[in-house]
Amino acid sequence: MIITEILSYPFLVRALLVGILVSVSASLLGVSLVLRRFSMIGDGLSHVGFGALGVAAFLSLPPMAVTVPVVIAAAVVLLHLSSRRKGGGDSAIALISSSALAIGVIAVSAAGVNTDLNAFLFGSILSVSRSDAVVSLLISAVTLFSYSVFYHQIYATTFDPAFATATGIKTERYTALLSLLTALVIVVGMRILGSLLISSLIIFPSAVAMKLGKSYLSVSLIAAAESLIAFVLGFVSSYVFSLPTGASIVLVHLIIFALSVCLRHSIIVFRSHREMI
Amino acid sequence: MILIEGKDITLGYEGQGIISGLSFSVEDGDYLCIVGENGSGKSTFVKTVLGLVEPLKGTISYRGGLKKNEIGYLPQQSGIQRDFPSSVLEVVLSGCLNRRKRLFGYTADEKKKALLELERLGMNRERNASFQELSGGQQQRVLLARALMATEKLIFLDEPVTGLDPKTSSELYEIVDELNRGGITIMMVTHDIHPALNDARTILHLSQGRYFFGSKEEYFRSDLGRMFMKEAGHDHH
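These protein sequence lines are chains V and R, in that order.
Quick note: the first sequence uses our numbering, first residue 10, plus one each step.
Quick note: the second sequence uses our numbering, first residue 11, plus one each step.
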């Protein structure tokens, strides 16, 4: 069996475990981010993360120590810009992400041939080291824990911020929590999917879930399940067919999304058909 | 018994006063309509009463056991996303988040109360329906049920009939009036003269730099009141 074969390699097991946890964390955050029209923030942050990685490589600093604070700072700035309706959050994100990409590319090329640009851009899950795995597991655990503890507050803040604030919920606090967790998950996820593909982990699961689920709870659960299935399928097929892991995972997401669109459509057709009879 | 009292308040943005010297009070069981043109400070008034912004001058006090975050608020519809996936019950339950004791989930009592509120507003059958698939009038009923989860004392409605057709609007006014007759204090911001004419007991009219606060009867005799009625096409003189 392919599965037992994969499970016999410790580095593959490590990658699988880290990937599953990061995927599920990203999918849950994604539901709230997409609903608040913040989904582009994930994209922007991953590019900032790339820039930070490039600079870290150029200065020979430990990558995580540079990336984590930079991406958190960027998350705070981007959320602040996007919350102001008139501020033109979209263009601010585009400006920041392309500038960060440019800085990253220049830093990487200046750092010399030792740096693997490809791994930065498209990820390299198989190079997940033991310490990477520990950090990723910690961050995923924190994300899943705070998401489930503050689930109802995050729901209320996302659904109707005006009402939530009026009834004494500190909405800014939960928005800040959301951006902090997003920043952390993106930094960790970039190791797997690379900075160009990581935003798919945030957007695809909730896009699928919103086609199928009716309640917030069902959307959250479907998103988590979809991210898990897509990661495992993508991971296994990349092993079987020797394809790039990150890209395979994104393709599986795309296929599931297409299926969910078809399913949604047939449900609507079926319903209207039944109503006609 | 007075629930909310404002004394000598100056309302405004970023140091710019819109109205000063505003005093008003909301009695237990009152039905207060807040009317006025756009830009007269209605939305600033809402934010100030809800405690989201501080008045530039003066004080607002909450009495009779009413706490600041115990106001059942029905925000303007524009704030809510149309395509948000949420069941009706989830929306209603979120009304009692402010006094949650438990870390995970809602208590059985809270769920029971949510179902009762839905029944009171005639939305019991739709409890598991998707909020986004309801009609505008049904959505407002669900949001009223959510407001009732937050408090049984005072409901504050901000332009509740925006975007509703006349029939649905008058149905909503009927529900609000019924709640008021059942003992719930109502504050309603509106640009619609009809609830002021029919159901309200007290009127607060905000106008450029001046205001009227008093009973409906006094209002109709006042200059501001007569002007407002004339503009709304209810001038019988």
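For the record, the hints were derived by calculation from the structure and aren't laboratory data.
There's no promise every hint is true.
What the hints assert, rightly or not - Calculated cross-link-like contacts (lysine to any residue; reagent style SDA-like; alpha-carbon spacing at most 25 Å):
#, chain 1, residue 1, chain 2, residue 2
1, R, Lys57, V, Lys220
2, V, Lys179, R, Glu120
3, V, Lys179, R, Ala139
4, V, Lys179, R, Ile70
5, R, Lys17, R, Leu62
6, R, Lys121, V, Ala185
7, V, Lys179, R, Glu162
8, V, Lys179, R, Asp93
9, V, Lys179, V, Leu226
10, R, Lys122, V, Phe159
11, R, Lys57, V, Ser155
12, V, Lys223, R, Ser140
13, R, Lys123, V, Gln162
14, V, Lys223, R, Gln91
15, R, Lys57, V, Ala185
16, R, Lys122, V, Leu226
17, R, Lys123, V, Lys220
18, V, Lys220, R, Leu62
No experiment lies behind these values; they were computed from the predicted model shown.
Status of the hints after comparison with the structure:
1. R:Lys57 x V:Lys220: violated, 36 Å
2. V:Lys179 x R:Glu120: Holds, at about 21 Å.
3. V:Lys179 x R:Ala139: violated, 28 Å
4. V:Lys179 x R:Ile70: The given pair, whose Cα atoms are some 21 Å apart, holds under the 25 Å limit.
5. R:Lys17 x R:Leu62: Judged against 25 Å, a Cα distance of about 17 Å means the pair holds.
6. R:Lys121 x V:Ala185: violated, 29 Å
7. V:Lys179 x R:Glu162: Distance ~22 Å between V:Lys179 and R:Glu162 Cα, so the pair holds.
8. V:Lys179 x R:Asp93: holds, 24 Å
9. V:Lys179 x V:Leu226: holds, 22 Å
10. R:Lys122 x V:Phe159: holds, 22 Å
11. R:Lys57 x V:Ser155: With a Cα-Cα distance of about 30 Å, the restraint between R:Lys57 and V:Ser155 is violated, given a limit of 25 Å.
12. V:Lys223 x R:Ser140: With a Cα-Cα distance of about 6 Å, the restraint between V:Lys223 and R:Ser140 holds, given a limit of 25 Å.
13. R:Lys123 x V:Gln162: holds, 19 Å
14. V:Lys223 x R:Gln91: holds, 14 Å
15. R:Lys57 x V:Ala185: holds, 22 Å
16. R:Lys122 x V:Leu226: holds, 19 Å
17. R:Lys123 x V:Lys220: Distance ~31 Å between R:Lys123 and V:Lys220 Cα, so the pair is violated.
18. V:Lys220 x R:Leu62: violated, 35 Å
Figure legend: structure checked against the earlier numbered hints; hints not met, in rising order: 1, 3, 6, 11, 17, 18.
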